[in-house]
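If you read the sequence shown in my numbering, its first letter stands for residue 4, the second for the next number, and so on.
Simulated from the structure, these hints should not be mistaken for lab results.
A hint or two may mislead.
What the hints assert, rightly or not - Per label pair, the in silico range of CB-to-CB distance:
#1 42 with 8: 27 to 37 angstroms
#2 128 with 25: 34 to 44 angstroms
#3 147 with 173: 20 to 30 angstroms
#4 112 with 36: 20 to 30 angstroms
#5 73 with 179: 18 to 28 angstroms
#6 72 with 127: 17 to 27 angstroms
Where is the CB? At the ideal position from N, CA and C, for every residue including glycine.
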Amino acid sequence: MAQAGFTLVEMLVSLALCALVALLMLQTLQATGATSRTARRLAAQDEVQLVRDHLRRALADRAGRRADGRYAPFLGLPDRLVVTVQANRDIARGSEQRLAVAMVRDGDSLALVETSGPAEAPGRPDRLLDGVAGLHLRYFGAQGQDPVPRWATAWTRRDRPPALVEVTVAFPPADPRLWPPLVLPLGSGS
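The task is simple: from the sequences and hints, build the whole structure.
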């Protein structure tokens with residue numbers, strides 16, 4: 004008469020099946036975690052891309068020469084940019100708006116903000132990006148007595164704006180967002 008119980012082969016097969024099921028469950032959990040991390044990183048990068056597109060459009064609408072032949076005001080510092088742009092004819096009245104891009108401290112972190120409105124009464128700052136580590140601006144054009152255009156960290160010329168503006172936003176080391184240098188031609192102002 005045979006004894007009741009499992010044979011060694013049956014035990015080994017059941018252990019192998021249990022190990023396979025456990026391995027598949029572990030792989031599923033790892034894939035789910037990787038997918039959610041990738042989705043968060045892509046969502047954060049989408050926000051960065053929206054800000055880059057906004058700056059590209061805004062600086063393309065730079066106000067041109069005025070009736071007296073002078074250019075509209077432009078201030079270019081290493082960490083702050085103030086440019087006069089044409090008003091959005093769909094939502095704003097008047098011919099020119101002042102647009103300022105700078106960093107502001109918000110508690111322990113920095114935020115990239117934009118202030119726009121008429122020069123006489125600028126609006127309140129709008130947050131473009133939170134949790135940034137720094138803003139670096141450079142300007143390309145001929146300055147002073149040197150007619151050769153060069154990159155500079157500040158724009159000192161008051162009679163005309165630079166041809167190009169480079170915007171670089173830095174993020175903290177643990178932040179997955181990336182901002183490659185953004186080189187923007189200033190609009191013709193026409």
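The hints, checked one at a time:
A beta carbon spacing of about 50 angstroms between residue 42 and residue 8 contradicts the range 27 to 37 angstroms that was offered as a hint. In this structure, residue 128 and residue 25 break the distance hint of 34 to 44 angstroms, their C-beta atoms being roughly 53 angstroms apart. At roughly 29 angstroms, the beta carbons of residue 147 and residue 173 sit within the given window of 20 to 30 angstroms. The hint said 20 to 30 angstroms for the Cβ distance between residue 112 and residue 36, and at roughly 26 angstroms that hint holds.
In this structure the supplied range 18 to 28 angstroms is violated for residue 73 paired with residue 179, their Cβ-Cβ distance being about 45 angstroms. In this structure, residue 72 and residue 127 break the distance hint of 17 to 27 angstroms, their C-beta atoms being roughly 34 angstroms apart.
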